[in-house]
Structures are given as C-alpha cells and as structure tokens.
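The sequence shown lines up with residues 1 to 356 when you count with full-length UniProt numbering.
FYI, nobody ran anything at the bench for these hints, they're computed from the structure.
Since the model is a prediction, treat every value here as computed from it, not as a measurement.
Careful: at least some of the hints might be erroneous.
Unchecked claim - Cut-off 35 Å, straight-line C-alpha distance, at most; resulting in silico cross-link-like pairs (DSBU-like, lysine-lysine):
id : residue 1 : residue 2
1  : Lys90     : Lys210
2  : Lys114    : Lys188
3  : Lys110    : Lys90
4  : Lys313    : Lys330
5  : Lys110    : Lys313
6  : Lys90     : Lys13
7  : Lys313    : Lys128
8  : Lys114    : Lys32
9  : Lys242    : Lys169
10 : Lys128    : Lys169
11 : Lys169    : Lys13
12 : Lys237    : Lys188
13 : Lys114    : Lys330
14 : Lys257    : Lys13
15 : Lys110    : Lys188
16 : Lys32     : Lys188
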Amino acid sequence: MAPRQPWHDLHSKIEGPAAYDVLINFEQRWRKSTKWKEFSLLFKGKSHWSDDAMIRIERISWIQSPPLAVTDDGTTIVPDDDPKVHVLSKDNRENWNVQIFRSIDSGSLKGFPKYIRKAENQNLFCAKNLVIDKSIQAAYIQAIRSAQHYIYIENQYFLGSSYAWPSYKNAGADNLIPMELALKVASKIRAGERFAVYIIIPLWPEGDPKTATVQEILYWQSQTMQMMYDVVAQELKSMQIKDSHPRDYLNFYCLGKREEVSQEMLSGKDSVSDSAKFGRFMIYVHAKGMIVDDEYVIVGSANINQRSMAGTKDTEIAMGAYQPHYTWAKKKYPRGQEDFDLNSDVLLCDGSLELA
Numbered sequence: 001m002a003p004r005q006p007w008h009d010l011h012s013k014i015e016g017p018a019a020y021d022v023l024i025n026f027e028q029r030w031r032k033s034t035k036w037k038e039f040s041l042l043f044k045g046k047s048h049w050s051d052d053a054m055i056r057i058e059r060i061s062w063i064q065s066p067p068l069a070v071t072d073d074g075t076t077i078v079p080d081d082d083p084k085v086h087v088l089s090k091d092n093r094e095n096w097n098v099q100i101f102r103s104i105d106s107g108s109l110k111g112f113p114k115y116i117r118k119a120e121n122q123n124l125f126c127a128k129n130l131v132i133d134k135s136i137q138a139a140y141i142q143a144i145r146s147a148q149h150y151i152y153i154e155n156q157y158f159l160g161s162s163y164a165w166p167s168y169k170n171a172g173a174d175n176l177i178p179m180e181l182a183l184k185v186a187s188k189i190r191a192g193e194r195f196a197v198y199i200i201i202p203l204w205p206e207g208d209p210k211t212a213t214v215q216e217i218l219y220w221q222s223q224t225m226q227m228m229y230d231v232v233a234q235e236l237k238s239m240q241i242k243d244s245h246p247r248d249y250l251n252f253y254c255l256g257k258r259e260e261v262s263q264e265m266l267s268g269k270d271s272v273s274d275s276a277k278f279g280r281f282m283i284y285v286h287a288k289g290m291i292v293d294d295e296y297v298i299v300g301s302a303n304i305n306q307r308s309m310a311g312t313k314d315t316e317i318a319m320g321a322y323q324p325h326y327t328w329a330k331k332k333y334p335r336g337q338e339d340f341d342l343n344s345d346v347l348l349c350d351g352s353l354e355l356a
C-alpha cells in the first residue's frame, strides 16, 4: 500500500442570525447567475415561477427568518437584530457572537448599492465600475491589530505585502496581512511585551513540487517570510535586544506524520518509493483560519494570498466569532468549549507512530 497524505482542514456550522447572512450571500449570487428577475419589476405582483426561481423562505411558517427587503436599486436590507431567530439568549454563557465576511465584487452578485455614497456607508469600495467587498482582509487586519498575547494561523497559502519584499516589489500581491503581523510583533517588542505568532502551512502547495508553478509560489512565499523576519530583526536591533532571535516571536511550521511502509514499497525505483524510505510524509494543510488570544476565531474559505483577499478575484466567505463570556475582560485566561477524546486508543499507546 502506498503512503497516505492526510488532509488537515477547518470547518464551522453557523446557527442564528448570522446564518441568514450566509443565506443572503447565496441569494445574491444566485440572482446574478440566473436569468431570473424580481417579481415586482417584471410582473408587478403576478405570480410567475421558473426553474431558477428561489423559494420564498419567509412564506414557510416553520422556518424562523428575519424580514428582508430589496430596494429599487437592488440593495439588500437586513434588520439589525431579530430576537426570534436567536439560538441562545444573550445571557447564556455558551453564546457566540458571529459576523460574516466576504471577498466578492458586484460582478459576482446582485444586491450591492449602485451609488458610491451608499456603498461606502456599508464599508464597500468602488473601483473600475465595480463595488467591492473585501471584508475578510479587513477582519484579519482588525483582529491582528487587536491581538495582545498571540496569533495562531493555519492556511494553505501564505504570501502578500509584496511592496515590502526584498525583491519583485511590484509583483502585485499587496494584501496587508503579512506586514500587519510583522508590525504587530515589532510593536510588542518596542513595548517590552511577550508576543508570539505561529503560522501553519503545507510543506508545498497542492501539486508536484518540482513544477514551475509550485516553485514560483514557494519563491513568493519565501519573499513574504523574509520580509517579515527582516521587520522583526530590525526592531530587535533598534531596541538593542541582543539575546533574542526573530524566531522567538515569529515561527512557520509544516505538519507531518510517520508511517510504516512495506518492504515491497521500499524496493521500488519510482519517486513514491524514494520518498517512502524516509518514513515521513506531509500532512496537507488545507485550512484557512486564525485564532487570536484564545478569544477570537476566523474560519472560512479564503487563503492568505492576493486571489482570496483582493475582493475582485476569487469569491470567498468567512466567519469571525467570539464568546462574550470567555474573554480576557471577563476572566484572566479565556477558555470555551473543548473536545479532547482522552479515551482514544492512540493516546494509550506511547510507541504509536500516530503520535510522532
């Protein structure tokens, strides 16, 4: 049997008011992707259905839904809050506050404001005749700037802030997240406070690592890392801190596993057999998430690269969440729900390769 490549990912389930933001995202994209036109615009109240017409959820009595409205210019109006769609009361200690973020533009959905002032009031951007939502990048930046103790990131890709790279500064990967992380570390060094950033990425992106495409991505990724370490190192130097290294504050990791391989596999002369001789294999990190201070989490579909963060390229969605009763303001060490299966057979066997 050939060695297996495990797949590491993050997922979330959303209930309550924030789930309707996900529904609205689907509806807006559906309206753009189909030829369906609103009832009121074409038929003035007359019922007319086609294969691509959406079910009117508000007409289904057993589904709790907030009252939604669409203005004449196509803007979707969502009520600020509606207690009837809450899953838990706000006083429940296990309650989560959730917000939905996106990377998308008006070329991929129907429902954004058509007027610049209205768009700007919704924190949207206007460029090249498009209305752009890049709130995922904004959410990452806000969470990074608010961090006090540590940041933990898992992502399939990690590149950006090319304007500060050692070379190829005009590469166009100008999302701000890598630089924001480096500047956060630098600010904590300047303040004399302990801080750590942990970033988990795959050993190489999906595909053959020998191909030009993968090698190019790895090169841009190395430029990003070098830029970040340079910022941290410069701050250590300016503060005359000689007994610390940038890796005391910023570290990148790859996940791996060990696996026993049959002698038949080892005797081959192909590339699979060659890699099997080492007995170690990459765990492919497909996750896209960030945890800040054990307090705030972002999980979604967005990679940390220009395609996912620009808002005008790949369409992405993410959620940010925290538990109000489990914050540093409420208790010294925030800790919410955890799920550890201490009865697992793997944990009972000290010599298991699964633990290596």
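Now for the hints, and whether the structure bears them out:
1. The straight-line distance between the Cα atoms of lysine 90 and lysine 210 is roughly 53 Å, outside the 35 Å bound, and the hint therefore fails.
2. Restraint check for lysine 114 and lysine 188: not satisfied, since their Cα atoms lie roughly 42 Å apart, outside the 35 Å limit.
3. Of the supplied pair hints, the one linking lysine 110 and lysine 90 holds, its CA atoms being roughly 33 Å apart against a limit of 35 Å.
4. For the proposed pair lysine 313 and lysine 330, the alpha carbon gap of about 40 Å is over 35 Å, so the pair is violated.
5. Straight-line distance between C-alpha atoms of lysine 110 and lysine 313 comes to about 16 Å, which keeps the hinted pair within the 35 Å bound.
6. Between lysine 90 and lysine 13 the alpha-carbon distance is near 19 Å, which keeps this suggested pair within the 35 Å criterion.
7. Of the pairs offered as hints, the one joining lysine 313 and lysine 128 holds, with about 13 Å between alpha carbons and a cut-off of 35 Å not exceeded.
8. With a C-alpha separation of about 15 Å, the suggested pair lysine 114 and lysine 32 falls inside the 35 Å cut-off, and the hint holds.
9. A C-alpha spacing of about 30 Å is found between lysine 242 and lysine 169, which places the hinted pair at or below 35 Å, so the restraint holds.
10. Between the alpha carbons of lysine 128 and lysine 169 the distance comes to roughly 23 Å, so the proposed pair stays at or under 35 Å and holds.
11. Restraint check: the Cα-Cα separation between lysine 169 and lysine 13 comes to about 39 Å, which exceeds 35 Å; the hinted pair is violated.
12. At most 35 Å may separate the alpha-carbon atoms for a hinted pair to count; lysine 237 and lysine 188 meet this at roughly 14 Å.
13. Of the supplied pair hints, the one linking lysine 114 and lysine 330 is violated, its CA atoms being roughly 42 Å apart against a limit of 35 Å.
14. Between lysine 257 and lysine 13 the CA atoms are separated by roughly 28 Å; this keeps the pair inside 35 Å, and the hint holds.
15. The suggested pairing of lysine 110 with lysine 188 is violated, with an alpha-carbon distance near 43 Å, which exceeds 35 Å.
16. At most 35 Å may separate the alpha-carbon atoms for a hinted pair to count; lysine 32 and lysine 188 exceed this at roughly 45 Å.
Hints 1, 2, 4, 11, 13, 15, 16, counting from the list given before, are not met by this structure.
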